[in-house]
Amino acid sequence: MHRCYHGNEIHSADANFSNPLCLSAASHLSPMMATPSPPPLLDPEVIAERFGFYDYVVFIAMLVFSAVIGIFFAAKGVYKSQNDYLMAGRSLTCWPVALSLTASFMSAVTVLGTPAEIYRFGVAFSLFVFAYTIMVLMSAEVFLPVYYRLHIISTYEYLELRYNKKMRLLGTVMFMILTILYTGIVIYSPSLALSQVTGFQLWGSVISTGIVCTFYCTLGGLKAVVWTDVFQFILMISGFLAVIFRTLVIKGGFTAIMDDARHGGRLRLWDFNLSPLQRHTVWTVTIGGSFTWLGIYGVNQSQVQRYLACKSRLHAKLSLYLNLMGLCLTLSSAVFSGLSMYSIYKDCDPWTSGFVAAPDQLMPYFVLEILGDYPGVPGLFVAGTYSGTLSTVSSSINALAAVTIEDLIRPHFKMSDTSMSWISIAMNLLFGAVCLAMAGVASKMGGLLQAALSIFGILGGPLLGIFSLGMLLPFANPTGAFSGLMCGFIITLWVGFGAIKYPPSRDKTLPLHLSTAGCRKYNGYSHHAINYYCAYYTCSKIFSSGVLVLAVLSVL
551 MHRCYHGNEI
561 HSADANFSNP
571 LCLSAASHLS
581 PMMATPSPPP
591 LLDPEVIAER
601 FGFYDYVVFI
611 AMLVFSAVIG
621 IFFAAKGVYK
631 SQNDYLMAGR
641 SLTCWPVALS
651 LTASFMSAVT
661 VLGTPAEIYR
671 FGVAFSLFVF
681 AYTIMVLMSA
691 EVFLPVYYRL
701 HIISTYEYLE
711 LRYNKKMRLL
721 GTVMFMILTI
731 LYTGIVIYSP
741 SLALSQVTGF
751 QLWGSVISTG
761 IVCTFYCTLG
771 GLKAVVWTDV
781 FQFILMISGF
791 LAVIFRTLVI
801 KGGFTAIMDD
811 ARHGGRLRLW
821 DFNLSPLQRH
831 TVWTVTIGGS
841 FTWLGIYGVN
851 QSQVQRYLAC
861 KSRLHAKLSL
871 YLNLMGLCLT
881 LSSAVFSGLS
891 MYSIYKDCDP
901 WTSGFVAAPD
911 QLMPYFVLEI
921 LGDYPGVPGL
931 FVAGTYSGTL
941 STVSSSINAL
951 AAVTIEDLIR
961 PHFKMSDTSM
971 SWISIAMNLL
981 FGAVCLAMAG
991 VASKMGGLLQ
1001 AALSIFGILG
1011 GPLLGIFSLG
1021 MLLPFANPTG
1031 AFSGLMCGFI
1041 ITLWVGFGAI
1051 KYPPSRDKTL
1061 PLHLSTAGCR
1071 KYNGYSHHAI
1081 NYYCAYYTCS
1091 KIFSSGVLVL
1101 AVLSVL
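So that you can map any letter, position 187 of the sequence shown is 737 in this note's numbering, and since no number is skipped, the others follow by simple counting.
Treat each hint with caution, since some may be false.
[To be verified] Taking lysine-lysine pairs in the DSBU-like style, the calculated list, with each CA pair at most 35 Å apart, reads:
(1) K716 <-> K626
(2) K801 <-> K626
(3) K964 <-> K626
(4) K1051 <-> K716
(5) K964 <-> K861
(6) K867 <-> K715
(7) K861 <-> K715
(8) K867 <-> K716
(9) K964 <-> K715
[Unchecked claim] Distance windows between CB atoms, simulated:
(10) R1056 <-> A625: 51 to 59 Å
(11) V607 <-> L791: 32 to 40 Å
(12) Q828 <-> F615: 37 to 45 Å
(13) Y924 <-> R863: 44 to 52 Å
(14) G990 <-> G815: 37 to 45 Å
(15) L819 <-> S966: 54 to 62 Å
(16) V692 <-> D809: 15 to 23 Å
(17) F603 <-> F963: 46 to 54 Å
(18) F622 <-> S1055: 48 to 56 Å
(19) K716 <-> L979: 24 to 32 Å
(20) W820 <-> A983: 41 to 49 Å
(21) V614 <-> Y871: 32 to 40 Å
(22) A806 <-> V614: 38 to 46 Å
Hints listed in this document are in silico derivations from the structure and should not be mistaken for laboratory results.
The C-beta atom is built at its ideal place from N, Cα and C for all residues, glycine as well.
Construct the entire structure; sequences and hints are all you get.
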């Protein structure tokens, strides 16, 4: 028996599509259903063989060039002091920082996950552009002026200045836990998806990514991280553009792709449903997404450290506003890649027909199918995908080193600036090894993987709450902040793990119509992977707003 989607239901059908519901679901594809049109799909074994020698060359070249950037800045002696090493001497301009900010949290999960999300659920996800706008405005006009005026390196130093030392220590520990967990998953999960489709060696890519990332972070400090992010951002966008241009050639233009998307129900954008159980609505994406991204850009050391390294407050603000353009470019590229994928696979879905095992494998499968005849181009996409991983991991390693030095070592040990520089280098090496080890742990976590990723939201939301409380409410005190933080943590822990233990009902998670009517073979195998967006996004959209209320009540 096999399955086909019709509306919000899944129906069984035999191999010759005798079920009338299955026939009606695909009837718009051809006036005669007796002989379905030939499928576009290739067997997974054939697809894997399309990733060849030149593709590996492109991938290795990306790693080598990233390492060379680290060597270049090390040779220039940019880390004569700790300020030079961790903050690039506070001499960066807005453009490289803007692209670095964009690349840092546009990880490989984004490159693989967003097009698959659009392919299955339509363009409602693109409403995140409003969340990005709100986030940038708040970060630039509320958070940045406070940090820049204090001239701090660690974001969590603010918590001591505003509350007390215990709050600073608590914030630092929470950040370190969530960053190490998230970074390990970011290294492992995309590597697994790519290896299953392309045949790319899983642990070879994981280890090489971790080693190269640690190498250029350690040698070149923040300056190397920022300029490598610029290079990697260009690679990510190039991978998307290769997919889009090739699809435009295949389909004969932009209009054909949009017509397919409209007929497939993928262009429904404005959903004002107030139900929090709806996957994507104007309210959940705009409000929830704003708090999610504000938790990253407003208080997360990985991002804040970059715009504080700018040479002036004006450049720091400009970096955030220019970063908004980068976020919109990345989002629009990913959205149109998802629509392109639907236009090609509207008659034969690789996921429900069993050609790929999980949604996050759709994009690499698609790339190898339409670009596999062009040596090196699939390698460009894979390099762009891993660039997302490298940019995220390098930002995390550098940030972990910074908070360890500033929040855990400097307050307790009096050392010269030169000694601190060498300790900073050692911390980069240490956290590079820790994050790589965490990737190994992630491979053994199985069903616990989503729980681990949820910790990003469980800890990140309360952190945003205590920072916002301190900046927006002058009468807030340490006791109230701590009470609000603990209340927020307990509630978000309950929400986060409750969502895992009691997942949404099947009718709430079904994708839009996915046809298999044009497939030559259909093996009935389908496996739903973890939705990495949901683990973080669902948690964060609920608790980030709630923790502020809790903290205020605690003060009163």
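We went through each hint and held it up to the structure:
1. K716 <-> K626: It is violated: about 39 Å lies between the C-alpha atoms, which goes past 35 Å.
2. K801 <-> K626: violated (49 Å)
3. K964 <-> K626: Answer holds: K964 to K626 is near 28 Å, not above 35 Å.
4. K1051 <-> K716: holds (33 Å)
5. K964 <-> K861: holds (28 Å)
6. K867 <-> K715: With a Cα-Cα distance of about 29 Å, the restraint between K867 and K715 holds, given a limit of 35 Å.
7. K861 <-> K715: Measuring from Cα to Cα gives roughly 29 Å; hence the hint holds.
8. K867 <-> K716: holds (30 Å)
9. K964 <-> K715: OK: K964 and K715 at ~17 Å, within 35 Å.
10. R1056 <-> A625: 51 to 59 Å: Because 57 Å falls inside the window, the suggested range holds.
11. V607 <-> L791: 32 to 40 Å: violated (20 Å)
12. Q828 <-> F615: 37 to 45 Å: holds (44 Å)
13. Y924 <-> R863: 44 to 52 Å: holds (46 Å)
14. G990 <-> G815: 37 to 45 Å: holds (41 Å)
15. L819 <-> S966: 54 to 62 Å: holds (57 Å)
16. V692 <-> D809: 15 to 23 Å: violated (43 Å)
17. F603 <-> F963: 46 to 54 Å: The hint (46 to 54 Å, Cβ to Cβ) holds, given that F603 and F963 are roughly 52 Å apart.
18. F622 <-> S1055: 48 to 56 Å: holds (54 Å)
19. K716 <-> L979: 24 to 32 Å: holds (29 Å)
20. W820 <-> A983: 41 to 49 Å: Since the Cβ atoms of W820 and A983 sit about 48 Å apart, the hinted range of 41 to 49 Å holds.
21. V614 <-> Y871: 32 to 40 Å: Once the Cβ atoms are compared, 34 Å apart, the range 32 to 40 Å for Y871 and V614 holds.
22. A806 <-> V614: 38 to 46 Å: holds (39 Å)
In this structure, the earlier hints numbered 1, 2, 11 and 16 are contradicted, and the remaining ones agree with it.
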